[in-house]
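Generate the whole structure from the sequences, applying the supplied hints.
2 protein chains.
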Amino acid sequence: MEELLKIRNLLITNKEVAIISHSNPDGDALGSQIALSLALEKLGIQTLLINKDPVPPSYHFLPNSEIIMPLSKKAQLPGVLIFLDCATLDRTGYETEFLNKQGRIFINIDHHISNDKYADINWVEEKAAATAEMIYDLISLLQVKIDKDIATALYTGISTDTGSFLYENTTSTTHQIASDLINKGANISELRINFYENMSKGRLNLLKKGLNNLSFAQNDKIGWMAFTYSELTNSDAVDSDGDGLINYVKNISEVEVALVFREIEPGKTKVSLRSKSWFDVNQLAAVFQGGGHARAAGCVIEGDQQEIVKKVISKAQESFLQGGHIR
Amino acid sequence: MEELLKIRNLLITNKEVAIISHSNPDGDALGSQIALSLALEKLGIQTLLINKDPVPPSYHFLPNSEIIMPLSKKAQLPGVLIFLDCATLDRTGYETEFLNKQGRIFINIDHHISNDKYADINWVEEKAAATAEMIYDLISLLQVKIDKDIATALYTGISTDTGSFLYENTTSTTHQIASDLINKGANISELRINFYENMSKGRLNLLKKGLNNLSFAQNDKIGWMAFTYSELTNSDAVDSDGDGLINYVKNISEVEVALVFREIEPGKTKVSLRSKSWFDVNQLAAVFQGGGHARAAGCVIEGDQQEIVKKVISKAQESFLQGGHIR
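These protein sequences, in sequence, are chains A and B.
Under our numbering, think of the first position of the first sequence as 1, with each following residue one higher.
Under our numbering, think of the first position of the second sequence as 1, with each following residue one higher.
Calculated directly from the structure, the hints in this document are not laboratory data.
Be aware that a few hints might be false.
Which copy is meant is left open, so a pair is good if it fits within one copy or across any two.
Said to hold, decoys possible - Here are the computed lysine-lysine pairs in the DSSO-like style, where the Cα-Cα straight-line distance is at most 27 angstroms:
hint: 1; residue 1: LYS15; residue 2: LYS145
hint: 2; residue 1: LYS221; residue 2: LYS201
hint: 3; residue 1: LYS221; residue 2: LYS208
hint: 4; residue 1: LYS201; residue 2: LYS310
hint: 5; residue 1: LYS315; residue 2: LYS201
hint: 6; residue 1: LYS73; residue 2: LYS315
hint: 7; residue 1: LYS148; residue 2: LYS42
hint: 8; residue 1: LYS315; residue 2: LYS209
hint: 9; residue 1: LYS268; residue 2: LYS145
hint: 10; residue 1: LYS42; residue 2: LYS201
hint: 11; residue 1: LYS209; residue 2: LYS221
hint: 12; residue 1: LYS127; residue 2: LYS73
hint: 13; residue 1: LYS208; residue 2: LYS184
hint: 14; residue 1: LYS310; residue 2: LYS127
hint: 15; residue 1: LYS221; residue 2: LYS15
Here it is, written out as structure tokens:
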């Protein structure tokens with residue numbers, strides 16, 4: 001917890017900080033970013049909220065989500081940059097921009113096992129279910145009162161990163177914090193209706209297509225769906241619409257390793273990986289320069305999609321035979 | 001809480017009780033039944049666990065699930081019968097058998113708003129997310145130490161009845177109890193893998209069929225799937241496989257009221273109803289002699305399925321125009 005104290009001490013002596021979360025932001029990235037910003041503003045610290053990509057519509061209900069902006073060439077960055085939920089600097093989508101630090105202090109707050117500790121202060125808690133759990137601790141240490149908006153943002157981060165308290169990362173502490181956040185006014189109905197019960201027609205079409213084209217290997221222990229660029233664009237699904245599809249694959253009884261291949265740009269395929277109980281997908285993703293957690297990881301691979309599928313599935317099978325660990 | 005105390009006092013003076021849950025049992029019925037039984041046995045009270053229907057395979061991981069049996073003609077019922085998660089006596093599937101009480105004391109522990117208080121002691125808490133939350137309180141009052149098995153059973157009841165902490169019934173207390181149960185050893189991975197990530201091929205086929213035959217009314221605000229008896233039997237899906245399908249309908253952005261019609265026997269259709277934020281499906285189900293909660297209810301209707309669908313949807317539309325309440 002030495003790092004946590006360092007971060008507290010650094011923050012309270014500053015008048016302005018920038019808070020940056022990873023590109024294609026999810027609920028944990030956005031919820032953590034918004035909650036920390038709201039808390040720091042209460043202490044009179046100005047915050048600049050940066051994300052390379054737009055906030056997906058299903059998160060527009062989050063307070064202040066509209067002030068999260070891409071890095072502007074003109075904007076003068078403050079002396080302290082806080083990176084949230086980013087395992088590497090590259091995850092911001094702005095690696096080049098941040099490589100020239102010009103004396104700025106970088107703070108890295110994250111819960112990914114693949115975190116490469118790129119900052120001056122690296123507070124990485126692999127056991128935390130979400131970065132939002134860590135921000136909850138930080139806000140408590142800063143002695144800022146958690147209001148309804150902070151509570152909703154933090155609850156969103158925790159709920160979405162645990163698949164609504166379902167994944168292996170869910171602990172007694174996770175529920176303890178969730179209980180406290182509901183007491184403090186977290187709006188769980190808004191989260192449910194806007195995020196969980198908000199399947200667009202585009203995503204519904206993708207889901208139908210995906211279910212009709214499920215593939216399996218290794219006695220159905222490995223299951224996957226693949227979508228080409230034209231399938232994604234024709235189905236009228238925005239990028240974030242594809243995000244939850246992998247759960248439909250993982251939820252099939254026999255499946256231990258689930259994969260979804262999405263050609264997000266022509267010649268560029270995003271691979272999402274999940275495992276049910278023992279296979280280490282973080283290691284599998286690492287073979288292709290990706291990462292994440294043992295049960296949830298991702299990578300991006302360039303090339304022909306059919307070739308990519310063949311390569312990744314073949315590596316998955318190989319790893320399967322080695323007990324889920326790549327040598 | 002007067003009833004809770006009455007129940008405690010009655011139980012500790014008895015040597016044997018029967019615990020009965022509703023037919024087609026779900027996680028809350030089974031989890032509550034098993035947890036209460038384990039706790040009472042620790043106090044030296046013998047328990048007879050009764051359910052009209054078999055325990056679905058996805059709940060076989062629950063400790064002692066194999067000792068839950070249908071009512072046997074030969075078995076002598078004890079002097080105290082505890083009904084769990086049953087809004088009416090009829091929900092047991094054994095109404096006739098229980099109408100002749102022969103001096104027995106009936107205890108009714110339930111959280112359904114439609115409960116008709118059919119017993120000698122009726123402890124009904126509409127605000128409880130699950131009957132398992134109430135059993136948690138009862139076990140605490142009985143001063144029985146919650147062990148790993150009791151914790152897993154109670155957690156299963158709470159998790160499944162809240163859609164994994166997602167539905168409106170989830171409160172700060174719900175998470176508080178969940179936190180405590182994990183501390184006490186609840187096996188949440190077993191629950192996740194056996195229940196949530198256990199979609200059979202039969203159910204997958206039903207889901208595909210259902211998604212390809214979605215129907216909508218009232219500007220997509222009402223959505224439904226219907227399955228005939230032969231579709232259900234041909235898809236190789238057991239009855240419990242159909243249970244989660246309704247969430248796929250409710251999760252569509254526009255949908256406020258979701259319905260699934262399943263012809264469970266030729267000429268007999270089970271209707272499941274869910275609503276997202278304001279429509280009272282308990283009232284709609286009541287029109288057809290069913291019931292439940294404002295956001296989740298069910299009924300069984302006899303007749304031609306197409307006619308049933310027409311009748312229910314027409315009533316839903318009528319109710320929709322009246323603001324979700326039947327007059």
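These are the hints, each one checked on the structure:
1. Only within a single protomer do LYS15 and LYS145 lie at most 27 angstroms apart by alpha-carbon distance; the minimum there is 19 angstroms, versus 52 angstroms between protomers.
2. Taking the closest pair of Cα atoms, LYS221 and LYS201 come within 27 angstroms of each other only across two copies (13 angstroms); inside a single copy the shortest separation is 30 angstroms, beyond that limit.
3. For the homomeric pair LYS221 and LYS208, the shortest alpha-carbon distances inside one copy (21 angstroms) and between copies (20 angstroms) are both at most 27 angstroms.
4. Taking identical chains as interchangeable, the C-alpha atoms of LYS201 and LYS310 lie at most 27 angstroms apart only when they sit on different chains, with a minimum of 24 angstroms there against 30 angstroms within one chain.
5. Proximity of LYS315 and LYS201 under a CA criterion of 27 angstroms is satisfied inter-copy only: 26 angstroms between copies versus 34 angstroms inside one chain copy.
6. For the identical chains of this complex, LYS73 and LYS315 are neighbours neither inside a copy (41 angstroms) nor across copies (58 angstroms), given an alpha-carbon limit of 27 angstroms.
7. For the homomeric pair LYS148 and LYS42, the shortest alpha-carbon distance inside one copy (14 angstroms) is at most 27 angstroms, but the shortest distance between copies (43 angstroms) is not.
8. With identical chains, the CA atoms of LYS315 and LYS209 are at most 27 angstroms apart within one copy only, with a shortest distance of 25 angstroms there and 33 angstroms across copies.
9. For the homomeric pair LYS268 and LYS145, neither the shortest alpha-carbon distance inside one copy (44 angstroms) nor that between copies (56 angstroms) is at most 27 angstroms.
10. Proximity of LYS42 to LYS201 under the C-alpha cut-off of 27 angstroms is found in neither arrangement, the shortest distances being 40 angstroms within a copy and 53 angstroms between copies.
11. Within a single copy, LYS209 and LYS221 get their C-alpha atoms as close as 21 angstroms, and across copies as close as 24 angstroms, so both meet the 27 angstroms cut-off.
12. Taking the closest pair of Cα atoms, LYS127 and LYS73 never come within 27 angstroms of each other, the shortest separation being 37 angstroms inside a single copy and 53 angstroms across copies.
13. Taking the shortest alpha-carbon separations for LYS208 and LYS184, neither the intra-copy value of 39 angstroms nor the inter-copy value of 41 angstroms comes in at or below 27 angstroms.
14. Taking the closest pair of Cα atoms, LYS310 and LYS127 never come within 27 angstroms of each other, the shortest separation being 33 angstroms inside a single copy and 52 angstroms across copies.
15. Taking identical chains as interchangeable, the C-alpha atoms of LYS221 and LYS15 are never at most 27 angstroms apart, the minima being 53 angstroms within one chain and 49 angstroms between chains.
Hints 6, 9, 10, 12, 13, 14 and 15 from the list above are not met by this structure, while the remaining hints are.
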